[in-house]
Amino acid sequence: MSAKRLQLKLVSPVKTLFEEDVDGVTLPTTVGQITVLPHHMFLVSTLVPGELLVQNNGQTFPVAVAGGVIEVYNNHLVVLADSAEHVSDIDVQAAEQAAERLAKQLADEAKLDLTTYNALQKNLEFERIRAELGKKWRKI
Amino acid sequence: MALNTREIKGRLRSIKNTQKITHTMELVAAAKMRRAVTGAINSRTYSTLAWDLVQRLRQAVQFNDDDPRQFWFDQSTSITKQPHTTVLVFTSNRGLCGAFNNNVIKQTVKFLKTVPTEAVTIVCVGKKGAGTLSTLGYTVHQAYAKADSARNDESIQELAEYVYEEFTQQRTHRVVVAYTDYQSSISQTAVIRQLYPLTSQNTISQAVDNADAAKPKITPPTKHAVYKYEPSAEAVLEYIVPRIAEVQLYQALLESNASEHSARMLAMKSATDAAGDMSDELVLAFNRARQAAITKEIAEISAGSAALS
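Which chain is which? The protein sequence lines are A and B, in order.
Numbering-wise (the numbering used here), the first sequence opens with residue 1 and increments by one.
Numbering-wise (the numbering used here), the second sequence opens with residue 1 and increments by one.
Next comes chain B alone, as it looks inside the complex (with noise of 0.2 Å):
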């Protein structure tokens, strides 16, 4: 009997050691949280600015037909006879938050069903994606490590060269991205949105809500007028168009990372929940060993005193 009440005590210790652990963990995701979700409505007046720009450019540059850079833009004209695809993944480097994950995954495998396993380049960031990727048969091409509290867009950088060459040289006609969209702390969504060529429906930067905080309060200037471009239009649009494909990527990390620390948020939060429980059913159940054991000892000596007498 004195053998049980230690044990229930020992993993009584155990759960209210793995609950400070867990209630630490909630603390930590909600401040990362908080940091990721300022990043994404900070970023957002950027590309809101260059996006408006870069549709007034578009007006005034007219491509040759074999300009690679008219696939920038154009849907119809970039779709060939076997269009290729590059999927961007974005996971967490690390588990333990919940379905955060899983979601991300089933959106990526249900839009790999409908194209060609051949016509497909896949690219994960984050560690979670390319192992479950390749546990369920499919070919991660690229992996890159996340950056997991994305301070600027440097973290993004060499993912954005890289789909950007791949774009430009046409060895891939269309970019999409699969991240996980937050709405807010509660509610996260996994979605998969087109990074190129460019549209302007259904951009990552039009995924926050709250955006009204960060849209622009200039008024644009009229269709008509006629601007001077240094050093020509091209030139401009050649800078400006990797730039807005880099912002977006970074808001899709920062939206991703936000997604993340507030799944990791509310999974540690449950599990506090559940080691509360578990530890008050645990001090009823050691109150009643210790009580039984105490009783027997009575018992005993009771019984033991009665036969000497």
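So here's chain A without its partners, still in its complex pose (with noise of 0.2 Å):
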């Protein structure tokens, strides 16, 4: 009998990600990067923008994620990530030219109101990221 494994759910409002068994799951949370493998605890909790790990068969493969709420139980794990894009997709150019839109904008306006600039930030935060995973995982 073969071991029982983590049905992994990683969806975001315009994709469905992943939807299959896989062996682990790698996660940035809240409260510092996490490993999900299958008999894990009931959780709950918060992503953060950062690099989303999917182990299967001995193969990873890379997500960007831009936070998120992640629920385990009974062997599922699923991410709802506010925006998620696998690394292979990534186009590291429109990433760090959008990044450095951001910055601009967060820099030019100082009076932003508090909500536009936390939504600028944290879109800020997960193109930096996005263009960051895009050459680590390029270069391999």
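Be aware that one or more of the hints could be misleading.
Okay, derived cross-link-like pairs now, DSBU-like style, lysine-lysine, Cα gap no bigger than 35 Å in a straight line [as the list claims (entries may be wrong)]:
1) B/LYS20 <-> A/LYS122
2) B/LYS228 <-> A/LYS9
3) A/LYS135 <-> A/LYS104
4) A/LYS135 <-> B/LYS127
5) A/LYS9 <-> B/LYS127
6) B/LYS106 <-> A/LYS122
7) B/LYS32 <-> A/LYS15
8) B/LYS127 <-> A/LYS104
Here are a few chain A residues that face chain B, going by a calculated C-beta distance under 7 Å [claimed, not checked]:
9) VAL14
10) PRO28
11) PHE42
12) SER45
13) VAL69
Just so you know, these hints were derived from the structure itself, not from any lab.
All values reported here derive from a predicted model rather than from experimental measurement.
Cβ atoms here follow ideal geometry from the backbone N, Cα and C, with glycine treated the same way.
Mind docking these for me? Both chains are given alone in their own frames, and the hints should help you get the complex.
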């Protein structure tokens, strides 16, 4: 009998990125990086922008996430990402340009109200992560 | 007579040109509609899963009486002496889409008559709604540009944050959305649905048909499952509630876009058909005029030669 596997469901509002059984997932949560393996305890946590690694059959699939919520129960892992992208799909140049543009927007307008500022900050963080991950995984 | 045929020819040409334009617009609208529908279906998985999670979290969190966050769900306590309502109206930016905008406006006006004018904030998304509502004598408090082909929920972020702030600060006690529900490419209905406080009934995410494909196939955990919350259940809830609202608004936008494009597609199709009918008639009229001119010329020539001989 094969060992139990983790049923992963990784969705963003735009699309479903993963819906399959995997060996384990490493996630960037608010309280630090965690790895969820089969038989993990029931858990609800929030994500921060960063790198999400899906381990399956000895292979690693990197995904860039922009924060979100995760729920673990009964060998299920549900990741509700605010925005997510397979690293192989990332257009590094576009991400860098977007990050530059957002940084400029943040620097230019000191009078931004708090909500806009936070939104911009969050988008900027995600663009930076995207660019960084895109570069990191392309080399290998 | 020669003038008449030339006139008809000119009209015929301009009608044929218009027909080409309307036909192209029809094809473009069809493509855009398909994209919006796919987007709406894709985002439904997220909102269903998020909603399930919130339902579970809600039981784990107990808010104090003075905590404004309790109003997220509670319907009864949120109704104060004079409840304030915010109405979000989704219309198109451009015309040429049949009765699409009128239907939304009609629904909105019907709703606005049921609430006192001073306790209402109207927020418009899309140019047409703001224009029409202010002509009708309503004050539009905010107007946002609508993303015609929204690729992700960033396009609605600003609006979602504004609404969330208003609601959390209790400046408004109820938020409803007026948009067009896309049922199929030939049938769309303008509807009003509640966004805040969050309800499980009649939400935007339930709107689209063929939802079965997007329904999560996983079994929900048992009721008494004990979760560990990191950092805390409140923090998770605080994170996800605005996200749910944002995704619902995003879906409303996509549905509205899909409906708009299919309304435009239909309008353009009938315009193309009408242009076809018109040009057929004009071709007949042209042939008749040409023949009449020829007959007249022959009559003149033969009359002239008869006079000479």
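- Task: Provide an ascending list of the numbers of those earlier hints which the structure does not satisfy.
- Result: Structure breaks hints 1, 4, 5, 6, 10.
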